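Number of protein chains: 2
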Amino acid sequence: MRLVEVFDTTLRDGLQVEGVTATVDDKLRIAEQLDHLGVHYIEGGWPGANPKDIEFFARAQTELSLSTSTLVAFGSTRRPRGKTDDDATLRNLLEANTSAVCIVAKSAEYHVVEALQTTLDEGAAMIADSVEFLRSAGRTVLVDMEHFFDGYKQNPEFSLRAIEAAVVQGASHLVLCDTNGGTLPHEVARIVADVKSHVGDDAIIGIHCHDDTGCAVANSIAAVEAGAGHIQGTLNGLGERTGNTNLTTVIPNLQLKMGYTCLPDGRIERLTAVSHHVAETLNRAVDPQAPYVGSSAFAHKAGLHVSAIARAKDAYEHVAPEAVGNGTRFVVSEMAGRATIQMKADEIGIDIDGQQINQVIDDLKRLEHEGYQFEAADASLELLMRRAVGSVPEFFRVESMRVITDELPGGIAGGAFSTEATVKVWVGPNGPDGDDAERHVSIAEGNGPVNAIDGALRKAIERAVPRVAGIHLTDYKVRILDGGSATGATTRVLLSATDGTRDWTTIGVSPNIIEASWRALEDSLVYGLLPRES
Amino acid sequence: MRLVEVFDTTLRDGLQVEGVTATVDDKLRIAEQLDHLGVHYIEGGWPGANPKDIEFFARAQTELSLSTSTLVAFGSTRRPRGKTDDDATLRNLLEANTSAVCIVAKSAEYHVVEALQTTLDEGAAMIADSVEFLRSAGRTVLVDMEHFFDGYKQNPEFSLRAIEAAVVQGASHLVLCDTNGGTLPHEVARIVADVKSHVGDDAIIGIHCHDDTGCAVANSIAAVEAGAGHIQGTLNGLGERTGNTNLTTVIPNLQLKMGYTCLPDGRIERLTAVSHHVAETLNRAVDPQAPYVGSSAFAHKAGLHVSAIARAKDAYEHVAPEAVGNGTRFVVSEMAGRATIQMKADEIGIDIDGQQINQVIDDLKRLEHEGYQFEAADASLELLMRRAVGSVPEFFRVESMRVITDELPGGIAGGAFSTEATVKVWVGPNGPDGDDAERHVSIAEGNGPVNAIDGALRKAIERAVPRVAGIHLTDYKVRILDGGSATGATTRVLLSATDGTRDWTTIGVSPNIIEASWRALEDSLVYGLLPRES
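Residue numbers (the numbering used here), protein chains in the order written: chain V, 3 to 536; chain Z, 3 to 536.
Note that these hints are calculated values from the structure, not bench results.
Here the structure is a predicted model, which means the values were calculated and not measured.
Mixed in with the good hints, there may be bad ones.
Same chains, same label: a pair holds when it works inside one copy or across any pair of copies.
Said to hold, decoys possible - Straight-line distance between alpha carbons at most 25 Å, and here's what the computed BS3-like set of lysine-lysine pairs gives: (1) K259 / K367; (2) K198 / K479; (3) K259 / K54; (4) K461 / K155; (5) K85 / K367; (6) K426 / K198; (7) K315 / K155; (8) K426 / K315; (9) K367 / K54; (10) K461 / K426; (11) K155 / K198; (12) K155 / K367; (13) K85 / K426; (14) K85 / K479; (15) K85 / K461; (16) K315 / K259; (17) K54 / K315; (18) K479 / K155; (19) K54 / K426; (20) K198 / K461; (21) K461 / K479.
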């Protein structure tokens with residue numbers, strides 16, 4: 003089983019994606035996750051290009067303890083007609099104090115002549131000098147050959163000369179970059195094979211792709227088949243434009259389907275969890291459709307086939323989802339058949355009869371018509387099913403609710419906003435209908451309406467239902483359905499919560515965002531208060 | 003230039019994606035878009051599996067006038083041990099009254115024996131009988147060979163026999179389906195070449211992939227290179243699990259990079275518009291990272307390189323974005339250099355001096371730190387830049403605002419929600435500071451807080467600024483930043499509007515969703531009221 007090294011550049015190239023910013027703390031947390039997954043190299047950033055990245059490498063030395071991965075600092079070759087020993091980029095690179103560094107080198111004639119405005123001789127010298135300088139400072143040196151494929155198609159002699167300049171000076175890796183992302187698999191296969199025949203075993207050939215043709219994963223595979231031993235990419239395909247090679251896709255393709263070794267034993271099972279953890283850290287949901295790690299990757303919807311799939315999963319799933327830490331999911335929707343509902347009831351652990359199943363199917367149809375979707379709201383689905391069999395106690399009953407948001411005089415330019423909520427509930431040790439039930443009126447301020455109603459509801463019930471204090475909201479998502487009717491559209495709220503051992507998500511739907519949030523909030527607290535067997 | 007037919011199954015397989023439902027009206031509108039794009043075949047649905055789809059084909063006969071595409075009804079072979087002439091599925095297929103039909107046929111031993119519980123002889127007979135029946139009714143018959151690649155790896159003889167059964171009876175197309183989506187490009191290339199050598203020119207070989215390995219596009223290309231002349235897929239890669247082959251990616255790969263002809267002349271330029279139109283109809287945004295058609299596909303972020311890119315776009319873009327109806331976008335962000343701001347000012351048509359550019363860069367840094375992002379909010383960016391040069395008139399000034407949401411007694415189970423907003427503004431024919439300015443207090447109800455404040459603000463200013471009536475909000479999006487702090491998190495609102503000729507988007511950010519919406523709403527109205535040169 004040939005080894006294919008995994009080089010993760012989520013923290014450098016990945017953060018070029020539009021709309022994502024990461025703090026130094028975020029980057030340290032992500033690096034820990036990457037080490038936990040077991041990639042060979044973690045490219046942490048470009049010290050000097052960015053003050054954050056200097057801080058990252060400084061803190062990494064004391065705060066980051068990697069057991070599997072090697073941390074890499076990124077930089078570039080010296081500038082044209084400059085010297086290595088007074089080059090700020092190279093100095094920053096050494097000051098990052100990592101055992102390995104990766105430098106980007108222009109390996110396409112066009113970019114040397116036009117972008118650098120220098121000669122091909124100087125272009126090759128920049129590479130040789132820089133590798134020599136970093137090697138003599140004791141670093142392992144990987145070289146990212148920028149615009150390699152486009153350059154090779156234009157002038158293969160110069161692109162190979164750039165490679166030789168790096169190899170002669172002791173670069174460990176020659177990483178062929180499809181910088182503009184436009185190369186297709188058959189071209190990658192041919193060019194990597196050419197380079198391999200020149201380089202032999204003098205250095206490891208790497209591949210760095212972008213997904214501009216939707217082929218980054220296939221290109222990386224083609225390169226490995228043609229002799230590359232090192233793949234660069236990002237978790238979840240983060241990266242500028244269309245993103246970099248998605249490591250969460252290419253790793254299982256190579257390791258589970260093609261017999262290569264990418265991660266240490268026992269690590270690929272962590273793929274789904276690490277993918278989601280990193281996405282959360284960057285506040286960017288994993289695409290539900292993402293291969294291997296997406297929530298829909300092993301979801302079966304069609305009601306008719308669910309029982310056939312349950313009998314013989316491997317006839318309907320291209321790999322065992324557990325191999326990458328994901329799982330089969332039977333999606334319950336209005337198309338769900340009776341068998342699906344029965345299976346879900348078994349999964350939850352409730353007894354359900356035929357009439358109750360019909361009730362659940364009717365409820366699902368009505369609610370999905372209103373815009374509810376239970377695919378992402380397991381707790382609301384479980385409550386719906388438990389209510390159908392009558393196993394949900396009434397912990398509290400709301401009489402009324404009001405929330406007021408004020409912008410105080412001062413106008414849009416300067417007015418301060420304040421929000422307060424009032425909630426009136428019936429509650430008691432024996433439920434809202436018990437003899438000892440009481441009416442509680444609570445008021446709470448919040449930094450927004452949902453925050454305020456959450457605070458007021460908790461205050462109103464906390465004395466009678468103290469366990470509510472152990473429930474914490476962890477995520478709040480808003481989706482506008484039928485955006486075309488703008489502010490009059492239906493709003494779908496998903497609210498996630500935890501009690502420290504379990505996580506759950508509930509849903510609320512209404513044209514009124516406050517009402518939608520309120521429905522999701524009530525379900526969330528009720529679900530968290532349900533007695534648990536274990 | 004060899005022709006590769008495009009078969010779109012957005013309306014059938016694509017609608018299996020989780021979270022999407024389409025009305026018959028939606029489907030008719032999408033079919034019009036597909037015809038406008040110029041695909042060869044539009045698979046409209048499965049009449050009989052779904053009452054909606056029977057209605058779709060009925061209405062299509064009178065309401066859908068296709069100039070380029072052929073409408074196809076989908077179905078399956080007759081059931082095991084049944085007869086064709088009393089088979090409900092086949093009857094529904096004929097009643098759809100399309101000139102071409104596509105039937106799914108089990109072509110893998112496992113699925114014939116285990117899922118159908120029948121013999122291989124009967125499996126082959128089901129295909130032959132069904133094709134013969136439909137052919138004798140005058141239909142062009144395409145056959146989707148289900149689980150073909152997995153079946154071929156298990157028992158190639160039976161899979162080829164299934165193909166022969168279809169060919170002998172006159173099927174026009176043999177569509178090889180990677181139903182579980184687990185096949186990789188080198189396997190597709192080998193198996194398609196095998197099939198091609200058996201079939202020759204007796205029928206067109208098609209390819210139908212799913213993206214479970216992230217290789218659906220590369221697999222489709224590999225199949226075409228091995229002899230397939232027909233690709234099936236969906237717009238934007240819609241489809242169950244990880245989605246079907248994304249036609250918006252594979253078409254430009256084949257046509258712009260490999261010299262095949264997929265669409266009639268002059269149509270591929272419509273790709274981006276059709277992709278977004280279909281996504282909007284299904285209320286599902288196009289992935290900004292989507293190759294070719296995504297909003298980030300040709301976006302350049304790194305401030306340093308923007309001027310180099312502007313000089314020589316083809317050195318930094320793998321195809322001309324205009325070829326697919328997209329465009330280059332220079333992303334303005336805190337990383338923006340002075341050159342980017344200057345270019346943006348030129349684009350908008352304002353004069354800006356060095357000090358004003360510094361002001362804009364400072365404002366961007368501060369606001370992006372708060373969570374603003376101007377990448378998707380061009381109008382807010384333009385206002386920010388126009389304010390820096392002092393060219394935004396003050397149309398109205400808000401003194402204060404209040405919005406109240408009440409749940410009336412009746413409780414969570416039954417309480418009705420009502421929302422009302424009060425807005426106090428200064429406004430006048432010569433602006434809020436004119437001698438003739440007046441204070442207006444308006445109140446409006448709404449089906450949610452944002453709807454109510456929109457109504458109240460418009461009422462308050464409409465007499466003094468009647469042009470506001472021509473501005474309509476078209477979309478409202480809410481994103482929770484730092485979801486980890488749940489209902490206390492920062493909220494980002496994007497609000498889109500139109501005046502019938504122009505569309506624009508503004509942004510508001512605040513921990514308070516009402517405040518964030520209010521900021522976006524004010525900017526939206528101000529932008530719409532700006533005088534236009536043209």
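Each hint, compared with the structure:
In this homomeric assembly, K259 and K367 never come within 25 Å of each other (Cα to Cα): the closest approach is 40 Å inside a single copy and 46 Å across copies. In this assembly of identical chains, K198 and K479 lie within 25 Å of each other by CA distance neither inside one copy nor across copies; the values are 49 Å within and 50 Å between. Taking the closest pair of Cα atoms, K259 and K54 never come within 25 Å of each other, the shortest separation being 39 Å inside a single copy and 40 Å across copies. Taking CA atoms no more than 25 Å apart as the test, K461 paired with K155 passes in neither setting, with 69 Å inside one copy and 63 Å between copies.
Taking the closest pair of Cα atoms, K85 and K367 never come within 25 Å of each other, the shortest separation being 71 Å inside a single copy and 34 Å across copies. In this homomeric assembly, K426 and K198 never come within 25 Å of each other (Cα to Cα): the closest approach is 74 Å inside a single copy and 73 Å across copies. Taking the shortest alpha-carbon separations for K315 and K155, only the inter-copy value of 18 Å comes in at or below 25 Å, while the best intra-copy value is 45 Å. Taking the shortest alpha-carbon separations for K426 and K315, neither the intra-copy value of 50 Å nor the inter-copy value of 63 Å comes in at or below 25 Å.
Proximity of K367 and K54 under a CA criterion of 25 Å is satisfied inter-copy only: 15 Å between copies versus 51 Å inside one chain copy. For a Cα distance limit of 25 Å, the shortest separation of K461 from K426 inside one copy, 10 Å, qualifies, whereas the shortest one across copies, 33 Å, does not. Taking identical chains as interchangeable, the C-alpha atoms of K155 and K198 lie at most 25 Å apart only when both belong to the same chain, with a minimum of 16 Å there against 31 Å between chains. With identical chains, the CA atoms of K155 and K367 are never at most 25 Å apart, being 57 Å at best within one copy and 41 Å at best between copies.
Neither within a single protomer nor between protomers do K85 and K426 lie at most 25 Å apart by alpha-carbon distance, with minima of 74 Å and 66 Å respectively. With identical chains, the CA atoms of K85 and K479 are never at most 25 Å apart, being 52 Å at best within one copy and 52 Å at best between copies. In the homo-oligomer, the alpha carbons of K85 and K461 never lie at most 25 Å apart, since the shortest distance is 67 Å inside one protomer and 68 Å across protomers. Taking the closest pair of Cα atoms, K315 and K259 come within 25 Å of each other only inside a single copy of the chain (17 Å); across copies the shortest separation is 39 Å, beyond that limit.
Proximity of K54 and K315 under a CA criterion of 25 Å is satisfied in neither setting, with 47 Å inside one chain copy and 30 Å between copies. Proximity of K479 to K155 under the C-alpha cut-off of 25 Å is found in neither arrangement, the shortest distances being 47 Å within a copy and 44 Å between copies. Taking the shortest alpha-carbon separations for K54 and K426, neither the intra-copy value of 48 Å nor the inter-copy value of 44 Å comes in at or below 25 Å. For the homomeric pair K198 and K461, neither the shortest alpha-carbon distance inside one copy (68 Å) nor that between copies (71 Å) is at most 25 Å.
For a Cα distance limit of 25 Å, the shortest separation of K461 from K479 inside one copy, 23 Å, qualifies, whereas the shortest one across copies, 31 Å, does not.
Hints 1, 2, 3, 4, 5, 6, 8, 12, 13, 14, 15, 17, 18, 19, 20 from the earlier list are contradicted by this structure; the remaining hints agree with it.
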